[in-house]
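Chains as they are written, first to last, in my numbering: chain A, 1 to 195; chain B, 1 to 102; chain C, 1 to 391; chain D, 1 to 76.
The set of hints was computed from the structure by calculation and includes no laboratory data. Ideal placement from N, C-alpha and C gives every residue a C-beta, glycine not left out. Take the hints with a grain of salt, since some may be wrong.
Said to hold, decoys possible - To give an idea of the chain D side of the interface with chain A (calculated C-beta under 10 angstroms), a few residues:
1. Glu6
2. Asp15
3. Gly16
4. Gly18
5. Glu22
6. Glu26
7. Arg29
8. Trp33
9. Ile37
10. Ile38
11. Gly41
12. Arg53
13. Val60
14. Ala62
15. Ala68
Claimed, not checked - Interface residues of chain B toward chain D, partial, derived using beta-carbon atoms under 8 angstroms:
16. Thr7
17. Val11
18. Arg19
19. Arg23
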Amino acid sequence: MSNTLLWYTTRGAGAVSLVLLSAVVVLGILSVLRVQSAGWPRFLTAGLHRNLALMTLVFLALHIVTAVVDPFTHLGWLTAVVPFSSYYRTLWLGLGTIAFELLLAIVLTSLVRGFIGQLAWRVVHWLAYASWPIAVVHGAGTGTDAWSAWLFTLQAICVVAVLGAIVYRLMAGNRDPLANARSSFQAAVDRREPK
Amino acid sequence: METKDTTQDRVRARDAAMRLLNRLTTGAALSALIGVGLFGAVSAYTIPGTKTSSTATASTSATSSSSTSSTSTSTDASSGLQSSTTPVASSSSSGVAVSGGS
Amino acid sequence: MSAPRLLAGPDPSVGHERLAAHVSRLGPLPRGGPALVDLLVRTELTGRGGAGFPAGLKWRAVAAASRGSAVVVVNGAEGEPHSKKDRLLMTSRPHLILDGALLAAATVHAKQVVLYIGEQHHAALRSMTEAVAERTDHERRLVRIATAPARYVAGDSSASVHLVDAGIATPTTTPPSTRERGVGGAATLVQNVETLAHVALIARTGTATGTVLITVAGAVRSPGVLEVNVGTPLGEAVQLAGGPSEPPRAVLLGGYFGRWVEATEAWPLPIDPIALRAGGLSLGCGVIGVLPARQCPVCEVAGIMRYLASESSAQCGPCFFGLRALADACTRIAEGGTDPGDLQRLQRWSGEVQGRGACKHPDGAVMFLQSAMKTFGDDFAHHPAHVRRSA
Amino acid sequence: MTKQLELVVDRIKCDGRGLCAEILPERIRLDSWGYPIITPGPVPEHLMGLAQRAVDDCPVLALALRRAEVQRHKTR
């Protein structure tokens, strides 16, 4: 396999991973918002969210493996595992490693959600809001052509989509119809000692 | 409030949505694969100076994508922006390979 | 009347019977153990908190799951709006309750006894606190007091365990039942105060007490708590409470989770937890509420349904939304007159709510409504619009 | 004897997202307020895959497959 082909594959897979990850985040938010319509049941959003998340891992693996095995890099596998261990572009590559590891944690905990329990799963899942921006910064900060028009456009689309979804979520409030009544009742019967 | 749909209707809707989910997932996977080729090729064209020979390597996929006009305009834009980084290109090619475009 | 009664001894109105008087009147506390469980099973003592579960079976289950670290929760929350008998017992016979609790602790191998008392029952809290202080060091170390919020569901056994554990008196999902996994994960016996007082007497005499505490409320001349022999006709109990203060229409038997019975059918009913259960009724928490003929039953039912809906802890959707929908439909009929659509909705929603909560709150409310619609069928079917009662 | 599993829902955890009823309408329907009503009894073998999927896809982990109660009479 040609080195240059590896190099282009790394970049292509990286760009695709960012698009997929952004789509996964948007779908996750749409799930929480209980979006549905005729012909689009809620489990479709959830199923797509899960399938695309697994797909993101596949393309990230492609991104990382092609980068590491590229003989020009001399980076070694350590860079893929330990953040900020790279001699080159320490910060930007380190962010990429962190984003990947957070995502891996999110996916792995989701696969064993039944064992670790809903609360632990939720806490880890909130890391999505850390993983995604770190990945964006990694993509924007690294690469000689990071600010080339096509990548910039791609990143802009992803950022707008996710930020839009986040704003929508914040404005929509809690979609659990019981949330308010439940918390006010609990406040009424809460006899915990004030600490 | 009343559920007019029979169980049969809801089973049909479920099956249709399951098929849609499979189609969307397959479509996403294919698009992603094509995307890797496309973005790889685009990046090959947009990186100035380095690896003129590499363009030929990627040309099979690149030729198909180069027909899009946006690619050619982005080439101009990036080459303008990248001019300052050009001297580093030869040494950075290895680094770029790791970090490139995620 | 051979067997001793719960309220024998000094007049309950004078307050808490001191430990010395209690011991000299009834003798020392016998030992707990498997024999006591057999005795409770034989005497067919049932829980007096409302559910009416056989005490002996419950003790046996907790003892089996105990592993030496069980907990006894003495349920004196008494959140039922018209019930007063648990309070009267706590303020007048605290040592009878403590005796029963200590017997339970010894029998199920408990290392902790929690007195769970409604925080609005100030006199009961004071009396129980003083009674604990009169006990031996060993007993005092075993017992502690936790206050229950003044809410209907706070009396649920899982809510009492949740309060003791986490400080929040909301019911939790069962199974696991509190008998298997209660306070701190240990097997827990949650037992009503009256039930434990009966145990204290049964353990001493070896026979059933043969009495039951009831609260007669509503349209009677002197409403209040009575101790009657099991089997006493309901009409006789109402006479003991001074008799109806005006022509009666119906009786609500067992409190807000209870059943409505037309007055004429109610008078011959025996006040006997087991016999009533066999007849599809329930003594529940012992409340006997007399509804006067002058009052509109539909309006009364609508008011109680609104109360029960507001007392949902809003943890389970079917209970919270279902009871609200049922209460709203009752209120529409009460205020706007009968609408056949609402009658149908009451039936359909009742079916959708029943059995679909973590605790029995929705079930109790639906049973109450179902019995009301059966007993007051004509009133529901022909309720006029905009009734303004000058009562 | 094959293992008999039945669907149970934790009423307190359930917040009425409704995915389970979409995935397994054969056994689960929603009440007037969007909360699942589950057909009692063991899940037939040919629906086990979908039942497991409904369990896995519940966003709040409120649905579970438990060994069916031995008792023959159903209270409800």
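Structure-based check of all given hints:
no. : hint  : in the structure
1   : Glu6  : 17 angstroms, violated
2   : Asp15 : 4 angstroms, holds
3   : Gly16 : 7 angstroms, holds
4   : Gly18 : 6 angstroms, holds
5   : Glu22 : 4 angstroms, holds
6   : Glu26 : 15 angstroms, violated
7   : Arg29 : 14 angstroms, violated
8   : Trp33 : 8 angstroms, holds
9   : Ile37 : 17 angstroms, violated
10  : Ile38 : 16 angstroms, violated
11  : Gly41 : 23 angstroms, violated
12  : Arg53 : 8 angstroms, holds
13  : Val60 : 6 angstroms, holds
14  : Ala62 : 9 angstroms, holds
15  : Ala68 : 19 angstroms, violated
16  : Thr7  : 5 angstroms, holds
17  : Val11 : 5 angstroms, holds
18  : Arg19 : 14 angstroms, violated
19  : Arg23 : 17 angstroms, violated
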